[in-house]
Each structure stands twice: as C-alpha cells, then as structure tokens.
Amino acid sequence: MKLMWFHLMPYTELPDDFNKKHPSVWVDIHSSLFDPRRAHHMYNDFMDELEYAAEVGFDAVCVNEHHSNGYGLMPSPNLIASSLARRTTDTALCVMGNSLALYNPPTRVAEEFAMIDCISGGRLIAGFPVGSPMDTCYAYGQNPSSLRERYYEAHDLVKKAWTEKETFAFSGRYNQQRYVNIWPRPIQNDPHPPIWIPGGGSIETWRWCAEMDYVYCYLSYYGYKAGLTTMQGFWNEMSKLGKDRNPYRAGFLQFVGVAESRQQALDLYTEPAEYFYGRCLHVDPRFALPPGYTTEATQRAGIEGMMTKAANLANPSTKAALKATNMKDIVDGGYVLIGSPDEVVEQIRHVGTSLNVGHLMLLLQYGNMSKDVTKYNTRLFAEKVMPKVKDLFGEWEDKWWPKPMARGQRAAVPAFAPQLAAE
Amino acid sequence: MSELKTTTVEINGFPCRVWTKGSGPKLGFLAGLGGLPRWLPFLDRLAETRTVIAPSLPGYPGATGHTELDTHLDWVLAVRQLIDKSGLAGADLLGASVGGAFAAEMAAIFPAHVRKLCLIAPFGLFDDKEPAADPWAQRRDNVPALMCADGAKWTELVAPPEGANSVEWPIEMTRASEAAARAFWPLGNTRLEKRLGLIAAPTLILWGERDAVLPPSYAKKFATGINGSTRVQTVADAGHLAYLDQPDAVARAVLAHFA
Chain A
1 MKLMWFHLMP YTELPDDFNK KHPSVWVDIH SSLFDPRRAH HMYNDFMDEL
51 EYAAEVGFDA VCVNEHHSNG YGLMPSPNLI ASSLARRTTD TALCVMGNSL
101 ALYNPPTRVA EEFAMIDCIS GGRLIAGFPV GSPMDTCYAY GQNPSSLRER
151 YYEAHDLVKK AWTEKETFAF SGRYNQQRYV NIWPRPIQND PHPPIWIPGG
201 GSIETWRWCA EMDYVYCYLS YYGYKAGLTT MQGFWNEMSK LGKDRNPYRA
251 GFLQFVGVAE SRQQALDLYT EPAEYFYGRC LHVDPRFALP PGYTTEATQR
301 AGIEGMMTKA ANLANPSTKA ALKATNMKDI VDGGYVLIGS PDEVVEQIRH
351 VGTSLNVGHL MLLLQYGNMS KDVTKYNTRL FAEKVMPKVK DLFGEWEDKW
401 WPKPMARGQR AAVPAFAPQL AAE
Chain B
1 MSELKTTTVE INGFPCRVWT KGSGPKLGFL AGLGGLPRWL PFLDRLAETR
51 TVIAPSLPGY PGATGHTELD THLDWVLAVR QLIDKSGLAG ADLLGASVGG
101 AFAAEMAAIF PAHVRKLCLI APFGLFDDKE PAADPWAQRR DNVPALMCAD
151 GAKWTELVAP PEGANSVEWP IEMTRASEAA ARAFWPLGNT RLEKRLGLIA
201 APTLILWGER DAVLPPSYAK KFATGINGST RVQTVADAGH LAYLDQPDAV
251 ARAVLAHFA
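Note that the protein sequences, when read in sequence, are chains A and B. Sequential numbering of the first sequence, starting at 1, is according to full-length UniProt numbering. Sequential numbering of the second sequence, starting at 1, is according to full-length UniProt numbering.
Possibly wrong hints are sitting among the right ones.
As the list claims (entries may be wrong) - The calculated DSS-like cross-link candidates involving lysine-lysine, where the alpha carbons are at most 30 Å apart (straight line), are:
1) B:K194 x A:K20
2) B:K153 x B:K194
3) B:K129 x B:K194
4) B:K129 x A:K21
5) B:K194 x B:K116
6) B:K26 x B:K220
Unchecked claim - Stretch by stretch, here's where chain A covers chain B in the computed footprint (C-beta under 8 Å, at least three residues):
7) 36–43
8) 134–141
Calculated from the structure, these hints are not laboratory results. Beta carbons are placed, not taken as given, at the ideal position from N, Cα and C, and that holds for glycine.
Produce the complete structure using the sequences and hints provided.
This is how it looks when you write it as structure tokens:
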C-alpha cells in the first residue's frame, strides 16, 4: 500500500466566532480575516511539514487547488510542488490537481506539469479534478452548464500536447489554438505522467477512469465509513466493465491522529479536528449547487436513491447532512481515525481492505494543528504505523505510480539540507 | 377563448413546446426565470383578446437543446428560429426576465420580426454600482422571495402538478435554471447595451417595484438606450416575475400597449 501525505493548507487563525459572524469559509470569506504576515508563517510551516513528511518516508506528498478558500491556501498547487521538487529527492509529487477548465489555454497545465516533472526528475502524479462548484463556478466564474464539457476538452488537449510529437492545431468547441507545441515535455513520456482523477460518486466518472486507465480518487472529508458505499459502487462498476480489482486503481483520503495512547490522541487532536469540521467546512449552502454542475444522470441517480447522501461528493449539499463538529461524533463517524499506533494500524488495514484502496492519502495536519503536533503525528505514523501496513496489497503491481529517472542520473540539489540533519 | 393547444417545433434537432390559446392578433410571450412549468392566469387574461403564443426556449420546461448553445449568437439564432417556427414573425412580442433579454435582441437584430415590444424586467445589463442579485447562488428557502413579492406565487409555479413524475419534475426545474445560467452566467450581462440603440419598435418597459433580482433602476438604462418610443411603468406590489404577482395589472398594461 502507498502512504501519501496530503496538505490542504488551511488558514489556522480563523476566529472562534467565525461561524456566527461569517456566512462562509469559501467564495466570499472576508479579506479582513487574512493576515498576510501570519500567512507567511503558515506557508513556511506547511512547506516544512510537507518536506518533513518526505524525509520520514512517505511515498508521496500531495497538494491541491482551491480558490477564495479559508481552508485551502493553494490557488496554485504547482508553486508548492515546484518548491517540493527541489526540497525532496525520491518522494512522488502528487498534484491533486489542476482544475483543467480554469486554465486558459489549458495547455498551461501541460506546460507547468511538464516543468514539475522535469525539475523533479519524473516524480509527478498529474491530478485532473473538475473542481468544486465553489472553486470553479463561483470563485472563477465558470459556467456550470458547460464546465464538464470544457473539462473533458481541456483534458484531451493537455494529453495530446504531452504525447503528440509534431506541432498541431487544436480546433475544439471551447479552445482553438493554431500552434500547440509545449516546451518543456514531461520526463514521464511512456506515454505521459500518471493521471489521477479526484471525483464524486458518479458512474460516468468511474466509467471514464476505467476507459482511460486512470486512478480514481475519492477525496471525501468524511472518512472510510461514509466512503464505503462510493468505493463499493466503484468496484462494482469495475467488475461490470471487466477490470481487475487492483487496489491501485483507487485513491482515498483519510484523516488520522496517532499518539502514544487513545486518550493522548484525543487530547492532541480534538481541537484541530473540531476547528476543521466546525470552521473550515462552514460553507454557505447557496454555493453548493450551481445548476448544471451535477449532470442530469447523476441527479436522476441521486433522486432515485441509488446513491447514499454520504457517498455523493458531487452533490455538496448533501454534506450539510453530515454535520458532526464535536470530536466524539467525528471519531464515531470515522472522519478522523485516532488511537495508539497499534490501534491506528488496525484501522488503516481495515480501511485499505474494506475499501480496497491502494493509494491512501493521509491528512495528518488539519485545522489549526501546529507544526510541532503535525510533525509528531507524521513521525509517529511513519515510525510505528507505516511499517505495519506497507505490506498490504503486495501482490498487486502499482501501474499508476511515477517512473522517475534512475537516482544516479538525477541532478544533485546542492541547496538541499535535510531538516532532520539539523535537528 | 379557444382551448390551450400544445404543439412542438424543432430547434437544432431538439423539441421545443409551443403553447397557443385565445383569439385575435398574435402575441408572443417569452417567459422569465423558471419558464412555464404550467399555464398561467396571466396568460388567460391576455388570451381574452389576443392569440397568445408561448414558445419554450431551449432547456426551459417543455424544451431541451440548451446544451447545444455555446455562444450568445447560438442563443439568438435559436430564439429567432423559435419565433419563426411558432408563427410569431412580425407579431407583438412580450418577454420577461431572461425571456425579456431575448425579446429585446429580436427587436434589435431582426426589427421586422417585432411589431411592438414589451419587456418585463429584462436581463442583459449589469451595473456594478447597483449589482443584480445572483439567482444561481441562493439558499433554497430564499428563492421564492427573490422571484416574487409574494413568494407563494413562485412556489405555486414550480410545484409538481398532480401525477407529475417525481424524478423528472425536479430535474426539469433544475434544467430551466441551468438553461438560464448557460445563457446569462455569471452576471446576466449579455452586453445588450450595445444593441439597444437598434430597437425601433415602440416599447413598454414594466418593472416590479419590489424586484429583488434586478434593481428597478435598470428600467431607466433600457429606456435611455432604446431608440424607439419608450415608456417605463412600475408595477406595484410586484417582484421580479411581476406577471406572477400581479397578473391582472400586468396584463392590462401589456394589452393597452399592444392595442
């Protein structure tokens, strides 16, 4: 099993009365809450944490894209990934990802991802989300009625830009370019960097991932219990399509807090978890459902009850039903796994096997968790949990993992001084 | 007054419903946000003395094909075909809200197609000093009061009639909202301002005095921009869809203008 360290980069100093005084953490969150001088420290802490995760042996570090968002300070994850490319050596860089329809022209994504792949020596995982309604339709003004068509077209363009050897003209419905010929080109060119698709629980997305041979990632904040129905749906669809149950076809996001004991874990992680599920997910429901964002097929499936509320990330209004904001409910609901190392080992193995997920993306920093606590959580997981779960799925080949240049062929990064060595 | 007649015309290969009722000179109606999920008392008033023809724009109740329309030109040409195929070329044209923006386009771009024009709180302009409300970013329970002075009027409009398919009805209502978004996202601004000067038809502009979507002050911008003789009339106790709030008053004003 691959263990991947994911950072959302939440603003850690939203006020205690945030939910009372402010309608939304997203889209129209007030600028007065943002102190750039504090954000200077947050960004540097967060990047330290990502580098630390790479140092202690996580298989990948993951970043993602959000806009006008108080719990996601990465409008451009590529900036962070390029820095990580210089500050890590062997760790995969998972950019989860770039919302293709937001880039004009979308070849910008092909270029920037190729840059990261070149700088890192071929360690990029290219994530292509459609993007949430808040990010795409509201913060970025994209038309919800054409968003998906734009997304699919941009995908075709980016993929062709990576793989086509000759300069070509692209005459699409939304994009017209006479000369497509990106420089640089990705190192991973057989045929292109691994493509992973974060998505909700729509059958169309599952089918598309199967057809294109991409990794499907279910990035819910609500943990493995709520994710079970979606992942079962995914695997049922794979078997209908004649695909094997290779767990590396899938990725899943899970919050974890590990400590010496369960009580100590509760002591350490209650505040950051309640901060996240309380303040960070305080999204005004008026931004949940721009008309056309959810396809009619998915609406129909939802109305007909083929999908459970919890499983439907494509329909964020259903998130309102999942409102646990106190630690007991958060833990009981499986949103955050907590416990001693052995208790977490047991839970992680259960998550892996019950969801059949080979790429586990872990949130070990959440809410207002400090750098010290984050590093503690990260180190304990790496030392005491990781060795006891890594063997899972050893019988399967991960065909969707980056294939970097051989170590000896890669550039030495002279500025690189491992954090651990200094400590 | 004749019975309500339903026919279908094809636009870009997709069906669009056309409702016809009444007798007398033809009067075209392009409905506002939400479209026409049901026939309206307002249209009955008009049908007492006129042949009311109400084609559904692509994506609105009774019609599909909005997903084929990518640009404003695509929309304008679809509406033009709809006007032609409904037999409305050269008739009086009434448009409200989103339908009002297209009625104005018809009068501007195809002046021979519109005898007299009446616009009820039309979309198409945006003033950043007086921004229009965002109809696509509303909590569900706020929508009725946004659309009508009496929110119950909106709720009646979109309520599933007896025997309606419980799966397809809500999808159809969402589709109407999507069709509006497809043409007017994000601000409702189609740069109609540039074409108002081409409108030569005598024009009546009606605006609900309590319009919560488009500020009533927008009426003046239309009146100033339109080239033909133009009159603005405010509708008391009416919101954005004034024809739902005050069917009699609005019908009287429309019929007087088209007389």
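Against the structure, the hints come out as follows:
Between K194 of chain B and K20 of chain A, the direct Cα distance comes to roughly 44 Å. Violation of the 30 Å bound is thereby established for this hinted pair. At roughly 34 Å between alpha-carbon atoms, K153 of chain B and K194 of chain B are farther apart than 30 Å, so this suggested pair is violated. With a CA separation close to 19 Å, the supplied pair K129 of chain B and K194 of chain B stays within the 30 Å bound. Restraint check for K129 of chain B and K21 of chain A: the C-alpha separation of about 25 Å stays at or below 30 Å, so the hint holds.
Our distance criterion of 30 Å between C-alpha atoms is met by K194 of chain B and K116 of chain B, whose separation comes to about 20 Å. Under the criterion of a C-alpha separation no larger than 30 Å, the hint pairing K26 of chain B with K220 of chain B is consistent with the structure, at around 28 Å. For the region 36–43 of chain B, the assignment as covered by chain A is violated, since 0 residues bring a beta-carbon within under 8 Å of that chain's beta-carbons and 3 are needed. Given a C-beta distance limit of less than 8 Å, the hint that chain A covers the region 134–141 of chain B holds, as 5 residues qualify and 3 suffice.
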